[in-house]
Amino acid sequence: MSFLAHFRWQDLIDILLNSYILFRLYVLFRGTYVFRVLTGIALLWVFQRIAVFFGLILTSWALQGITAVAALIIIIIFRNEISNVLQAKNLKAILWGFPQQSVQTPIEIIVEGVNALSKQHNGALIVFPAKEDLQDILQSGIPWRGLVSKEMITSIFWPDNPVHDGAAIIQGNRIAEVGVILPLSHRNDLPSHYGTRHRAALGLSESTDALVIVVSEETGNILVAKNSKITKINDNTELVKALQKHMGITEEEPANLRKEKLEISIAALISVIFITGMWFSFSEGMDTLITLEIPVEYTKHDPGIEIVDTSVNTVRLQLGGSGALIKSVRPDQVQVRLDLGNAVIGSNIFSITKENISLPPGIFLSKVAPPVVEVTLDKTITKQLPVQVDWVGKLPENIILSQLKIDPEKIEVIGGKRILENISTLYTEKVPLDNINKTGTTTVSLALNPASLKIASSSKDRIKLTYVVKPRGS
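Residue numbers (the numbering used here): 1069 to 1542.
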């Protein structure tokens, strides 16, 4: 249980947030093919983690690839269903609302209309969609949006109506489309007296979760097609029960409501357990360690104070975490910062603690070496110093250096007070005498030592040397 020592409040928020997202996906997609496929992908992921636990490298790799490809495929194949679910009227419906059928389909009116068609031997196809989207399957529909009534149903399928041969789509209390062409079933085991309407009803029920009512033009029989099965309806009670079952309407509404609340509660609990398991799977193996060399950064120091010296420029951090997270850690994701806001002139000792170190989520600090850093600070001042040439080598035997002009003769330097107090002269970079054989000029740089010294903006950073030579003995 050592991992609990590294459990942060951010981890709790992480688990709860992702649990709620998973729960919302269940609420939005339950009852659809998308949900079933998502469940399958979740099981694949569980098997993949089990394979990792037992060290089955090839199996783990294969399941990981299959899971990634499957997730991409469902977005492509079920894009319409996903779009329909997410096309809510407001954000509330997606974040915390529960899908419900706001407008009840008038079952009794539909039954009356179907009976009227049956008595008149007027053929009909009436489709009642469920969870799945039908847009990619239906063809040539005419938008209608008329309120459902017995007269509306009978008029649509009147033989002289141009759209009577197609299907009508009923959603809620409205007829959404008419004249719709349904896919035909190609089964060979159907009775010979089944016509095109019967095959169309079966064809749609084979590929979707919709329910289709068929009225035979020849016999006046009423049939219901659902889940690849077609059933003859003998009386109004059977038709009412079939429609109620399809629409999720029961006479025991309170009991059904309690059952739904129980299912929702169980789904919420499973979401928390599943996400918690995922968190543990990513957090397993907390003894996995890595050592990184990280530079020390200094912040909030007074512009009038400079860092003269530090005991170290980098520190070694021993970091721990799960194997998956440790492998992904890069040095640029880790920072070590020391606050110099309360530092004083002279030597300062800083202890490096967790507060000074920024780490990626899920990574913890195991050890710091060295645990302390000594930083020497000094007040920044400006000082004017004379310039002297740093000659090396010697002149040829036959000449001597008779005159030398240095321009400028003095330079203003910015640096720490303690350092500049011990410096009386600035030297140029080394100038070889061996190369001088006649009068001339040259330009050289200054050799600032220590390197923390800077030339003030008011001074030149290059020195011009003008020299005159003459023959020896003249």
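Among the hints, erroneous ones may be present.
Below, simulated DSS-like cross-link-like pairs (lysine-lysine); rule was C-alpha separation at most 30 angstroms, straight line [stated by the list, open to error]:
| hint | residue 1 | residue 2 |
| --- | --- | --- |
| 1 | 1435 | 1451 |
| 2 | 1199 | 1329 |
| 3 | 1368 | 1422 |
| 4 | 1368 | 1473 |
| 5 | 1478 | 1451 |
| 6 | 1435 | 1498 |
| 7 | 1478 | 1532 |
| 8 | 1435 | 1473 |
| 9 | 1485 | 1538 |
| 10 | 1478 | 1498 |
| 11 | 1329 | 1218 |
| 12 | 1485 | 1451 |
| 13 | 1462 | 1395 |
| 14 | 1451 | 1422 |
| 15 | 1435 | 1395 |
Listed next, with one range per pair, are the computed distances between beta-carbon atoms [to be verified]:
| hint | residue 1 | residue 2 | range |
| --- | --- | --- | --- |
| 16 | 1375 | 1076 | 32 to 40 angstroms |
| 17 | 1227 | 1302 | 20 to 28 angstroms |
| 18 | 1089 | 1486 | 55 to 63 angstroms |
Just so you know, these hints were derived from the structure itself, not from any lab.
Please read these numbers as outputs of a predicted model, since none were measured by experiment.
All C-beta atoms, glycine included, are put in the ideal place defined by N, C-alpha and C.
Hint by hint, here is what the structure shows:
| no. | hint | in the structure |
| --- | --- | --- |
| 1 | 1435 / 1451 | violated, 44 angstroms |
| 2 | 1199 / 1329 | holds, 20 angstroms |
| 3 | 1368 / 1422 | holds, 18 angstroms |
| 4 | 1368 / 1473 | violated, 44 angstroms |
| 5 | 1478 / 1451 | holds, 10 angstroms |
| 6 | 1435 / 1498 | violated, 46 angstroms |
| 7 | 1478 / 1532 | holds, 12 angstroms |
| 8 | 1435 / 1473 | violated, 59 angstroms |
| 9 | 1485 / 1538 | violated, 43 angstroms |
| 10 | 1478 / 1498 | holds, 18 angstroms |
| 11 | 1329 / 1218 | violated, 36 angstroms |
| 12 | 1485 / 1451 | holds, 9 angstroms |
| 13 | 1462 / 1395 | violated, 60 angstroms |
| 14 | 1451 / 1422 | violated, 41 angstroms |
| 15 | 1435 / 1395 | holds, 18 angstroms |
| 16 | 1375 / 1076: 32 to 40 angstroms | holds, 33 angstroms |
| 17 | 1227 / 1302: 20 to 28 angstroms | holds, 26 angstroms |
| 18 | 1089 / 1486: 55 to 63 angstroms | holds, 59 angstroms |
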